[in-house]
Every structure is written in structure tokens, then in C-alpha cells.
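Enquirer: Kindly produce the complete structure, drawing on both the sequences and the hints.
In order, the protein sequences belong to chains A and B.
First residue of the first sequence? That's 1 in my numbering, and the numbers climb one at a time after it.
First residue of the second sequence? That's 1 in my numbering, and the numbers climb one at a time after it.
Bear in mind the hints are in silico, worked out from the structure with no lab data behind them.
Among these hints, one or two may not hold up.
Stretches of chain A that chain B covers, calculated by requiring three or more beta carbons in the stretch to come under 8 angstroms of a beta carbon on chain B [stated by the list, open to error]: (1) 25-33; (2) 37-43; (3) 74-85; (4) 113-122.
This one's a predicted model, so the numbers in the text were calculated from it and none came from an experiment.
A virtual CB, placed ideally from N, CA and C, is assigned to each residue, including glycine.
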Amino acid sequence: MGSLGSVTKSQLNVLIPSVIFGLVLSFFSIKSLDVMLLGEQYAKSMGLRVRNARFLVFTSTSILAGSITAFCGPIGFIGIAVPHIGRLLFKTARHKILIPSSLLIGSIVMLLSDIVSQMPGYESTLPINSVTALVGIPVIIWIILKNRKFSSV
Amino acid sequence: MSNQQVNITVRNLSVGYKKGKSFVAIKEGINVNAHSGELIALIGSNGIGKSTLLRTLTGFQKALGGEILFNDRKLGSFSIKELARVLSFVSTEAIRVQNLRVWELLAMGRYPYTNLMGTLTDEDNRIIQRAIQQVGLAGYEDRMIDQISDGERQRAMIARTLVQDTPLIILDEPTAFLDIRNKYEIIHLLHDFVKTENKTVLFSTHDLNISTSEVDKIWLMLDDKVVEGAPEDLILAGNFDQMFHSDKVYFNAESGDFMLRKNVIGTYTLKGPEGRIFNWTCRALQRIGLVYTETKPLVVINIPSEEKNMLWKVEINSKEKLEISSLYELTAELYKRLSGL
Chain A
1 MGSLGSVTKS QLNVLIPSVI FGLVLSFFSI KSLDVMLLGE QYAKSMGLRV
51 RNARFLVFTS TSILAGSITA FCGPIGFIGI AVPHIGRLLF KTARHKILIP
101 SSLLIGSIVM LLSDIVSQMP GYESTLPINS VTALVGIPVI IWIILKNRKF
151 SSV
Chain B
1 MSNQQVNITV RNLSVGYKKG KSFVAIKEGI NVNAHSGELI ALIGSNGIGK
51 STLLRTLTGF QKALGGEILF NDRKLGSFSI KELARVLSFV STEAIRVQNL
101 RVWELLAMGR YPYTNLMGTL TDEDNRIIQR AIQQVGLAGY EDRMIDQISD
151 GERQRAMIAR TLVQDTPLII LDEPTAFLDI RNKYEIIHLL HDFVKTENKT
201 VLFSTHDLNI STSEVDKIWL MLDDKVVEGA PEDLILAGNF DQMFHSDKVY
251 FNAESGDFML RKNVIGTYTL KGPEGRIFNW TCRALQRIGL VYTETKPLVV
301 INIPSEEKNM LWKVEINSKE KLEISSLYEL TAELYKRLSG L
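Expert: Below, the structure written as C-alpha cells:
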């Protein structure tokens, strides 16, 4: 279940361009994502073509998630937890900051998890999923508790 | 800031919603107008279609019939980007976004003008700064919008429409959830923009007496028609009386507000100098159901002549005489005696 170790050099020839393409698209959706914070109606009233913007966001997400999953297998919890860690650290709703922060925090958490999963001195390597879950689950619990508090106000 | 003029003409408009495959019209045959420099209130009872009309005017939903013209150009012919430079909108729902600062909220208003990455120019920053000043939110730039009061958030939302710099601003119940002071201030704020920036502002509201004292025009939605005119025109024509069909509520054409009908328990007359004490004594007596009369009153009250010595001298039926030192005791005493309790 998920591993960073099995990607060959020739596979990187496909993976790197796909990821770069996905990232470029996600940077171009920053403006739309910001204006969609207030909801679809406001976004529309400020001149956003909501359908096009959605398409852009879905496309970049699909390319990024799809290409990584194709080469590294399914790795859980990173996608859901990291953006929230970014929000928590930077206390902003601006995607100009949130998207790069997700990029960096995502890489850091992923590499740390990979190190933990193959600690020196152990014969076997842990599945990387079990390590990312250790990071992801507390974050998800925190989000649930926070939202419950928020809606009761 | 743009000094575009905008004239809105609504002709024979039908508004409603789609239910399955058929359309349900809520209101038909709407004919109204709006011009630059006018503050317009849309008034009507709950469920009569105010929000539907506003959503149709903003282009969020299609008209079922008739036409809406902005400067003689049909609403339907505007692209969504063009429309964003003509009208801006504030909805009735309170927005709750976490980690969003006032400044960032306002910056969104520049969306139709900024480049692909949404970079703000010096000009954009100046416009945002100016709007913050105009709504009186200076010093709030870095506050989170979920950590400011409802009144402040509403100001921020209004500032965002100023930043969007459109000749027409439409607001759906901007004064709902606000306390009296904020209601007045928000309407007054809108009134200011209309006059200083020559904008057209249309808002729906239930606050009748606040809006009748500030707006240039009212669009009044009644059960069978929509009428427009200066607030005073509509009051004189008796249009507000048609708003409710209720035994309990009536429109008082003198005060310009709705009032509860009272059971009449007697008549009164007041003796003494006119002024604040006189007026508030009248109000107190009307509240318990007494009616003013000059001839043969049931109760005669001598009001205090000066505010230092508050003493009401009451004479009931030319027989009983009382001296009472507050309106609270006066109304309680009279109500007890006259209502037959």
C-alpha cells in the first residue's frame, strides 16, 4: 500500500511533467478559489464563470492526484490533512499562500513519513500509509472538534 | 471611481422559480424604474417574492417573462464579466469564512479588474483603502471577518461593493440581524453613497419607518401588484394599508409605521403646556387604549408643567381625583379602573 521507493528513472519522465502541469493549473486557479470563498452566488456576482473555474480545479486535482497514485500507489491522509495544517500555521484564507504552503508542508510530511517507515536497524519497512495516518488522524479529529464548536456558536 | 449612469427599466416582468419541468410564477406584470442617484427600498411581506425579484435583477435566475433593461440594454445580453462591472450584490445570509481578513474580503471586489493571478495594483489598493474609510472601518483591515460584529461585517460587505465600483448595488435585507443604531447607520451609509457617488442602490427591507425617512423611492410588493413611488406618495395613496390584511395590525398614516390595534377603554384630554411631557403622556395613554377627545372626556389629566416636579393630576368621570408621580403608575391605575378589571 503506497511506496515512494518503487518509481524508476524512466517513470519520472512521465511523472515530473504531469506534476508540473498540474501545479501550473492549480496556480492559475488561485484567483478563482479566493473569490469562491464567499460562495457561488458572490463569485458569480463578481464575474467568475463558476463552471469553468470548477473545471480548472477538478482538472488540476485529478492530474496531481492521479499521476502520483499511478506511480506511488494510494497514500492516505496527506491530501486531507496537509491543507488544514497550512491553514492552521499561516492563519489565512488566501490561496496564494495556501497552495504553496500545501506544496511545501506536503513534501515535508511525506518525506518524514518515508524516513519513519524505513528506520535504519529494522529489517522490514512499514507501509507508508500507516505512518501518514499517524499524522493525518489527529488533524482530522481536530477539524471535526473545531467545526462542532464553530457551528454551535 | 466610475461615474457611469445607469437607468434600470423593468417591463412587464414575471419572476418565479422552476419546479420540475414547469415554471411557477410568484409575481407577474412588474413595471418599475430606477435611476442614478436614487436609493430605493423594496418592501413587501415575507414570501411575496422580494428575494426572487432581486435574484432575477442580478441575473442569478432567469426571468419567466418580460424584460429588464440596463441603459436600454437587455440584462440577458450582458456577459457575466460585463455584469460584474455594472452591478454588485450583497445577499442576506451572513458569510462565515474562517481566517479571512477584512482587507482580503474587500480585495475580492477587485476581481473583475485584476490580472490572471489577481495581483493588486497601487490603484486597487487606493480604492480598497478609500472604501474602508467610507464605511468607517479604518483600523479593521487585519481583523478576521468571523471575529467582528454583525454590523461591522455588513459594513465590510458594503465596502466590497464599493470596491467593485459598480453603478448599481443590490442588497438583500442588509439591515436584518442588526440593532437599531446599526440599522440607521447602514441605511444612512447607503444614502450617502447614492448622493456622493451618484450610484443606484436597491435594497429589500422590513424596516419601514427607517426606510421611509431615507429612501428616494419605494418599490412596494402587494398581493396583486407592485407599485412604485416616493414613500410619501405611497402613504398618501393608501398603498401601505393593503400590505397586510389583519385585524391586529394597521398602518398609521401619521407616524408612517405599522401599529397594533388596541381595544378602546375610554377617552381622555390633556391640560398643560405642549412639549415632551405632553407628547409622551399621549403615547402612554394611547398604549393602554385611551383615545384623545376634546368633548366630554372620561379622564382629564393635568400634566406637570416642569420636569423638576413630575406630578400628573387625574380626574376620572369628573369625580375621582388622583395625583400620580410617574407614567408607569398612571397607566397601571387607569388601566385597572377603566378596563373593568
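Enquirer: Could you run down the list of hints and mark each one as holding or not?
Expert: How the hints compare with the structure:
| no. | hint | verdict |
| --- | --- | --- |
| 1 | 25-33 | holds (count 4) |
| 2 | 37-43 | holds (count 5) |
| 3 | 74-85 | violated (count 0) |
| 4 | 113-122 | violated (count 0) |
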